[in-house]
Every structure is written in structure tokens, then in C-alpha cells.
Amino acid sequence: MRQSIYYTALVGCALSSDALNVFAPLKPPSKTYAGPPPSKVNTESWLDVLQYDEPPKFDVLAKSIEFANCKTFDEIGDFFAEDYVFRGPIIGPITSDDVRNAQEGFNIQNAYPNLETRPFGFTIDPDNAYRCYWFERWEGTNTEGVKLGPMDLPPTNNDIKLPTHIMSANWTPEGKIKYACLSNPLDRFEGTTNGAGAVFGLLVGAGVQSGNVSVGSSALRFQQRLFHAIGGFGRNWSVEEKIPKWWKSKARGADPNDNPNDM
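Per this note's numbering, residue 1 is the first one in the sequence shown, and the count goes up by one each step.
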């Protein structure tokens, strides 16, 4: 027992002396995680059009960081390919012009003049060197009103923080974004918008009741098609003639996924 106590005391003194000794050898840095190896499962998909045989001749990570930190539509416009498509869980497929028109119709940028998307955690897809993923956690203050069709809502002057979501961008060999995708919120209990994310979260922060915004909701799908037909509320997806031909899915807005590979 006494030997055990003596040994423990010696170890404790040694640790304490190392902690106080500025000349003690430094510990090697923790091993960094390089990501998983490429997938071993071979599949065929209509999205294979976003894969290329040659490796990128530009820094996909650096360009994605530059893109994600743009503040205005004028800044991000030069990043988009002519056949660019955006898709979210219940929005899209939609062109960059229609995304801009919808957000300007809601007066989103003016309603949140200090809006920050706060991107972080950039990483390259291990199965596609042309695709980059990152997180975003939006926040801002609603100091001006938003528009919802014919209605003008006064500002709430509330500080809002949205739950974190994931973004991804698929680049072309020419250094343009052909496809951008936004995920559902990762943690519905995070933030101040009752689990609503992205533009829907900003609308909730401005006093709009979000209701059911889940994929497959019959009520939401009906509402989206009604608004798509009458216009005036911003596009949930682009009109058919504007959707690039490479986009094969016929699911629109909150529709459940189809299987274009069988078409």
C-alpha cells in the first residue's frame, strides 16, 4: 500500500514538473482526419452528369469558400453556370434568376440588412472532387417589413438565429456552379425559429407562421401549385421551359422523390 502511494506521488510530481517546465518536449499534434476512402459501391444515376473524368484544375475548396462568403446577388451571379439549378427540400428545381426574384419579392435582404450566413466546416466530397459541402447558421435582425403576396408585414425588430443546415455546390471544369443544394435543418431545436430554416426561417422571424413545411405534405403541395399558377408569391420552382434539360427529376417543390433513373 505504501509503495503504491509512493509511486503515485512520484508520478504526480513528474507530471507537475513537466507542466511547469517550458523546455519539456512538445506532444505531437493530434492526427487529422483525411476523410473516408472513395466509395466501393458502383451505381448509375441521372446526377452522374455532375461527375467528370479529369480532376479539377482550380481549387474547389477555395472557390467554394469565396462563393459562400458573398453578400449580394450581384457578387454571386458570376459563379453560376448558364444551366445552374438550385434545389432545397421543398423548393426547386429553380434557376438563379427565379431565386433572386423570389427573395426580392419577399424583401428578404432589406428586411434583414445585417443578415449573416456564417458558413463554416468546408469539405470536399470524397466521391466527387468537384463537389464541396459546408455548414451555415444564419442570423440577423428583422428591422424592415417583409412582403407576402399582397400583404406587407411590419418588422418585428427581433434578433433571429436559424438552425444549422448543410449547403453543397457542384462545380464544372470551367469553374462554374452547375448545381447547389440546401438541406433540412440539422437540429430543429436549435435557434429561434421553431425549427424553420433558410428563407422560411427568416419569414418566421418576421412574424409569418410556417405551418407544415415537410416533404410530401399534401396541403403544402396544393398550396405551392396554387401559388405557382397564380404567381405573385415568388416561385417555388421555375417554369418547365426554364429548367435545364440535364435536370431529370419531375418532383417539384415538396413532392416526394421520383426515380428518374427508371425513365
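In short, the hints are calculated from the structure, not lab data.
Hints may contain errors.
[Claimed, not checked] Derived CB-CB ranges, DEER-like:
no., residue 1, residue 2, range
1, A34, A219, 44 to 52 Å
2, Q209, F122, 31 to 39 Å
3, F120, N261, 27 to 35 Å
4, D152, K71, 22 to 30 Å
5, V41, I166, 17 to 25 Å
6, W246, F120, 27 to 35 Å
7, S217, T72, 16 to 24 Å
We put the beta carbon where it would ideally sit given N, CA and C, even for glycine.
Tested hints:
no.	hint	in the structure
1	A34 <-> A219: 44 to 52 Å	holds (46 Å)
2	Q209 <-> F122: 31 to 39 Å	holds (34 Å)
3	F120 <-> N261: 27 to 35 Å	holds (34 Å)
4	D152 <-> K71: 22 to 30 Å	holds (25 Å)
5	V41 <-> I166: 17 to 25 Å	holds (22 Å)
6	W246 <-> F120: 27 to 35 Å	holds (30 Å)
7	S217 <-> T72: 16 to 24 Å	violated (33 Å)
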